[in-house]
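A.B. asks: Residue numbers (our numbering), protein chains in the order written: chain Z, 4 to 413; chain D, 4 to 413.
Quick caveat, the hints were computed from the structure, so don't treat them as lab data. Treat each hint with caution, since some may be false.
If chains are identical, the list can't say which one is meant, so a pair holds when it fits in one copy or spans any two.
As the list claims (entries may be wrong) - The calculated lysine-lysine pairs, modelled on DSS-like cross-linking and capped at a C-alpha distance of 25 Å, are:
hint	residue 1	residue 2
1	K137	K385
2	K121	K148
3	K324	K344
4	K378	K314
5	K247	K184
6	K55	K125
7	K250	K385
8	K146	K35
9	K365	K298
10	K63	K53
11	K106	K203
12	K314	K344
13	K53	K184
14	K381	K131
15	K121	K64
16	K55	K214
17	K88	K203
18	K314	K298
19	K64	K53
20	K298	K55
There are 2 protein chains.
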Amino acid sequence: MVDVAVISIGDELINGFTIDTNSAWIARNISKYNLLDVEDKIILKDDSNKIKSSIDFLLKKQYRFIFITGGLGPTHDDITKNTLKDYFDCDMVLNEEHFSTLKVRYAAHIPLNLESIKNQSKILSISKAIPNDKGTALGMLIKHKKTDIFIIPGVPRELECMFTQYIAPLYIDPYYDKKNKYITILTTGIYETKLYSILKSIIDINRNRFKVSFLPDYTGVKVRISALDETGPLSFFRDEIVSKIKKYVYGYDNDSLEYIVANTLIDSGLTLAIAESCTGGYLSKKMTDVPNSSKYFIGSVVAYSNQIKIKYLGVPESLLKTEGAVSREVALAMAENVRNKFNVDIGISTTGISGPSGGSIKNPIGRIYIAIVTKNDKVVKKFDLIPTRNYHRKIGVHVALNMLRLLLKI
Amino acid sequence: MVDVAVISIGDELINGFTIDTNSAWIARNISKYNLLDVEDKIILKDDSNKIKSSIDFLLKKQYRFIFITGGLGPTHDDITKNTLKDYFDCDMVLNEEHFSTLKVRYAAHIPLNLESIKNQSKILSISKAIPNDKGTALGMLIKHKKTDIFIIPGVPRELECMFTQYIAPLYIDPYYDKKNKYITILTTGIYETKLYSILKSIIDINRNRFKVSFLPDYTGVKVRISALDETGPLSFFRDEIVSKIKKYVYGYDNDSLEYIVANTLIDSGLTLAIAESCTGGYLSKKMTDVPNSSKYFIGSVVAYSNQIKIKYLGVPESLLKTEGAVSREVALAMAENVRNKFNVDIGISTTGISGPSGGSIKNPIGRIYIAIVTKNDKVVKKFDLIPTRNYHRKIGVHVALNMLRLLLKI
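The shape of chain Z in the complex, shown without the other chains:
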């Protein structure tokens, strides 16, 4: 394997106020190349001595690529560029082309901070500029012996664009082939221990050929597989695993439940409306995260107060009194009525107790009823989820999407 290192720079990363998503993004993209592998991942303060000694340490290892992100912004605490200038003992030069571009791009900003724009257009004399289409700081490439060092702004949108548009096509793609080294099997509705006990024998038999990792999360367990020898037929192994756990598998790799459900709705021309109580708009938000959601999603009523359940969803007041708002019957009425009123194929509803208050012996915090009504089906299920507000809402939405997936037989 050819080794790659990623350095993320920023006081806020080391003190934990900001979560380092950049190094993960870079690593994920590096993992797409057959021979490239991230070997070192380091988080550093805005401290020039620490930065210099880490670069020194990594250059000695003769890695093929080093990615350095962060600390290229316009303010005084952005010290990466000057630190590198010191380290490589070179000059700073103005990139006239970028400077002109920025002057045009920010012409409408009044007052135009020309000094700042000029600074952002300067690069190390030993470097090659990498354009920044989404922000002001230029990226840089420094070729040092066998190592390509890329210096990239820490703003995720700028970094992602710079990598995708310029770095990968010019400096990685010509030299390294891409290969699916990993397949991630997405499961939901089964515990990690149970999944492991079902798969243990396959894993053991294939121990020398394939690696299997379990990544549990509140919404399910991801099973990630990779081949240990270069020629491993990963897709066969995937199929073998999936055949044992089929009903829990909802997708692969970057699939998400909402995209999978959305695609099926679009393909089959079905329309959807939602009546939400405890999830308070979260399920609708998920369903509209997907581009072209207007093809299947008509609208929702977030019926947080009982008055709205009665007035706008036509839930009988008597039902709310006898059964309570958090009940099988009210969930069904909500789904059925939003389906009829919005004139759609599928109505879904949620009603539950997310907490922190509102729990009772009859309905403890964590309970949720989810109903789905279609032309031929009426399903309502009760779940007791993690009794913490944010988890409860998040998992509740995931469970509702999974119920819809199972009903659509995806």
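On the provided structure of chain Z, position chain D as indicated by the hints.
C.D. replies: Below, chain D alone, put in the same frame as chain Z:
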């Protein structure tokens, strides 16, 4: 300062499939102690040699605390515990108390995986057990010379509970005082460069006493201040900064716009209803993320299709025809009508083009109209935000909350 190190272990962290939020969480909590400072943050593969050499490296530095997270789960790729057993050359012992607790806790799980529960109850003979109230893997404390090494599961909920309930109260709080070392001033509606130019002179004058960092983000810029000498009156410096940028400041530290707005609504007894088009439930979701949101939030109509705008929000069909769904007039009608129909004090609406399709010369992707109607006010504003679906929706919701904040004069 007394130094702390954090090691996060997991293949999925190094290849970027999982983002390391644990080390950030620990670092943020460590930063609350006056004398403690995270000095090293390392991410490692599930590779026993790498784990051993990193522990070796950090133990030589004689740090006060080392936190090791991840790799304590029940499956074959969880190697942290066995690696440490090798490193410290000790035995593994069963913690009977935890084993009994787990047997009771998981009695309802059929089949009960006794072997797995037993494994999860074993700890290193040289360690002290740290209870895990939220999961199966026991935590451990190993005292090695001057260093306390904490080994904690990588599941965030388990880690957070273990740290808060057991580690901090028993092993940190008795020895170290807490102090607000940082104040974060939250701003929105102003660019980083402009903010910096306003504050540059104060920052320069105080350069030797206070450190100021700018943390830009799509929803605003955070200004984080800290004192360089131990006695620095941080709150005075904060007030000096805030006085220059008052109208952009919406809160401090962990405040969020939705909590700030929610608290004001609760205090003033005002109620709210929402009519969402392009944000598709996201604004309602944000307003109900806050506990006790039923005190002010009545409900919403997510009127994604024009039919719902007409039928359930009473937007005149003629208005939709002459002005289009994405217009000042329709935004106002939506806010006004949801306010009347839901009988609340405040009606808010959003209508716009989040993309990727639906843009036109009249209304390009990125445009959004947001309206707020109260008894005395009618405000509608047009914004052109980042024309990428997820950013557009996220920023749109933030801008709507900020408009509400300004209207409520918070």
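A.B. asks: Output the indices of the hints that this structure fails to meet, ascending.
C.D. replies: Violated hints: 2, 14, 15 and 20; rest satisfied.
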